[in-house]
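Student: Here is how the chains run, residue by residue.
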Amino acid sequence: MLTIKNLQAGIKDHTEILHGINLTVKPGEIHAVMGPNGSGKSTLANVLAGQENYDVSAGSIDFLGNNLLALSPEDRAGLGVFLAFQYPVEIPGVNNAYFLKTALNSIRKKRGETELDAFDFMALLKNHVKSLDMDEDFLRRSLNEGFSGGEKKRNEVLQMLVLQPKLMILDETDSGLDIDALQIVARGVNLLRHPERAMIIVTHYQRLLNYIVPDYVHVLMDGRIVASGGKELALKLEEKGYAWLESSSDDK
Amino acid sequence: MTNDYLKQLRHNKSNFIGKHLPWLLDIQKTSLEKFIAQGFPNRYQEDWKYTDLAFLEKKDIAWSIPENPLHQKITLRHLKENNFSPIVFINGSLCSALSKINHLSPLIQCMSLKEMLLNHPEQIANYLKKNEDASALTHLNTALMSDGLFLHVRENFQLEIPIHLLFLSTAPSINTMVNTRNIIVLEKNAQISLFEEHRSFTPEEFLENIDIEALHKQSSLESNPSNQANLFKNTVTDIFLAQDAKLNYCKLQQEHASTIHAAHTNIAHAKNSHTHSHSISLGAKMARDDLHIQLNDTGASCELNGLYVLSHQQHTDHHTRIDHNAANTSSQECYKGILQDRAKGVFNGKIMVHPNAQKTKSTLLNKTLLLSPIAEMNTKPELEIYADDVQCTHGATVGQIEPEQLFYLRSRGLDFQNATKLLMHAFYQESLGKLKNQSLQQYIETQIAEKI
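Going down the list, the sequences are from chains A and B. Just so you know, we're using my numbering here: the first sequence kicks off at 256 and counts up by one. Just so you know, we're using my numbering here: the second sequence kicks off at 802 and counts up by one.
In case anyone wonders, no lab produced these hints; they're calculated from the structure. Check before you lean on any hint, since a few could be wrong.
To be verified - The list that follows gives simulated cross-link-like pairs (lysine-lysine, DSBU-like), each with its CA atoms no further than 35 Å apart:
id, chain 1, residue 1, chain 2, residue 2
1, B, Lys-1237, A, Lys-385
2, B, Lys-989, A, Lys-421
3, A, Lys-381, B, Lys-1237
4, A, Lys-385, B, Lys-1222
5, A, Lys-364, B, Lys-1252
6, A, Lys-381, B, Lys-989
7, A, Lys-407, B, Lys-1237
8, B, Lys-989, B, Lys-1222
9, A, Lys-385, B, Lys-1252
Unchecked claim - With the Cβ distance kept under 10 Å, some of the chain B side facing chain A (calculated, not the full set):
id, residue
10, His-921
11, Ile-925
12, Ala-926
13, Gly-1200
14, Tyr-1209
15, Phe-1217
For clarity, every value in this text was computed on a predicted model and none was experimentally measured. Don't be surprised by glycine CBs; every beta carbon is placed ideally from N, CA and C.
Take these sequences, add in the hints, and give me the full structure.
Tutor: This is the structure:
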């Protein structure tokens, strides 16, 4: 589904952050990408979504047979790429429900599907809102404006439920969440587990992985994947810290 | 200022509206002399730094457009769409056929200035007399005013449906000036909504809106207006709010691209009176909008909103001034704008807190979106505070659409164009949302959407 080869990238006009990432993700798989601050986790997530602040200097990304790097952010979304932001942007004046409907219909249009009318859309939306224990009031508010950290993350999960992406990239979705909010968010994400859908979960801590159990864990350090393994790797990291890997990778 | 054209004005006394009233003729003559001495405002004056009207001196401008009987035959299609009470002025003269003046209420006195001066001059003398330290354009207006509206709302009378004050002009065949003077008085605890609209008809629109039969009978239609001819509209509006009076005031300026629009609105507030104002500028080649608020007694307050959406080579200058003259007064002001193409915007908001105005609360904000690399915005929020126990903030931003917001929307599937449109819509909708009347909100939103 997703094949990343020798990806080298960085923030525009700054030094390179990713020094050659290789990663293959198959449908139905959940990959966790862990690593200390500044290791390049968020860069990887943003490059996948097409954030224009980042420059790719080498490598390739293939998604379902498409050269992802050649596509605009909206076309990537149309193919089913979804980035859940670490810091969702506040957009005053854009009604949340209206935004969700516009987004869904834009994507349906790209897929060659018919657009949903307001009635069908609201029925679908209210269903998802309920499953996330959200107040319907959220839909009438401006997109993320004045939302608490937990509300913003829940709103990201709501968008995933509505848009039904094929590849979900969760960028530090657990940051700033208390344990109750974390459980609700994880429940929403688990609702989306599907043999045809893959997830990349970027996280600093092992905590989220108790609720969303990954198939693979990769450790990113200094812009390279230094270790890969099963879910037990995350537990080992929790116990020993990243320094353990740092010393072992130095030995190589 | 020694311009032959302006001097000629002196010898044309038959045009003074106060020619039969010695006290008014006196005022008008004095005002004319003051105007001739000062001339049109130019960029060497601080307040007119970015909006230079000196070029008007070099043009021959007719005093006013002669009344055309055809104007009584205009049927305004868009008037039928709302249920507001219309009062229509065409080229500076009241059009009684289109105006529903007598339908309002016996508790509202509504009359043209001309009629007032003919029948009840004593009633408006005081409002026209205090004029000494006025600006050049106000002097010009006093000297050459052709007509205007006098509106007097009695004590405790409250009207919810907006009074639609429409100033319509037709494309002139020669450079022409229209000076309109409005006086609006709200007595104690009175409350009204005013929707002041400025529009110009192109010759095509004029034909679309006129009764065709009338057109055939009439040959003196201003034919073939040259594209070079400019209309200079100079409006002065004085509003007086007595204790507890409330004014809901919306101004929409969408003049034709050959029009130069200048307006000076003064609103004087007595104890606990309140103004909610929204000034929307979409049209004109060049526009200058002055709004002067005086909070003269305790508890007086105002909320001023503004929105300008400009394109091509339009130039719009909003000057506001709020005088906090008494304790416990408050003001809240937010002007926003979107500039496209080569448009140029100016904002100058001044808040004066005078020595006795303790406990003043005041906020002032100006935000502009530049959508083109050659659009230009000059903004200057000012605070001048002479009291020591006040809460005041002011600020201004000029920028482009936030790239983070744009990326967020695009990453959800909205294409670049739709995402930009949605963000622009959000930007102006936040301002339009402050309009209290829903149908007015929709009407103006449609006008803006057409422009973007």
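Student: To test your reading of the hints: which numbers does this structure violate?
Tutor: Result: hints 2, 6, 8, 9, 10, 11, 12, 13 break, sorted rising.
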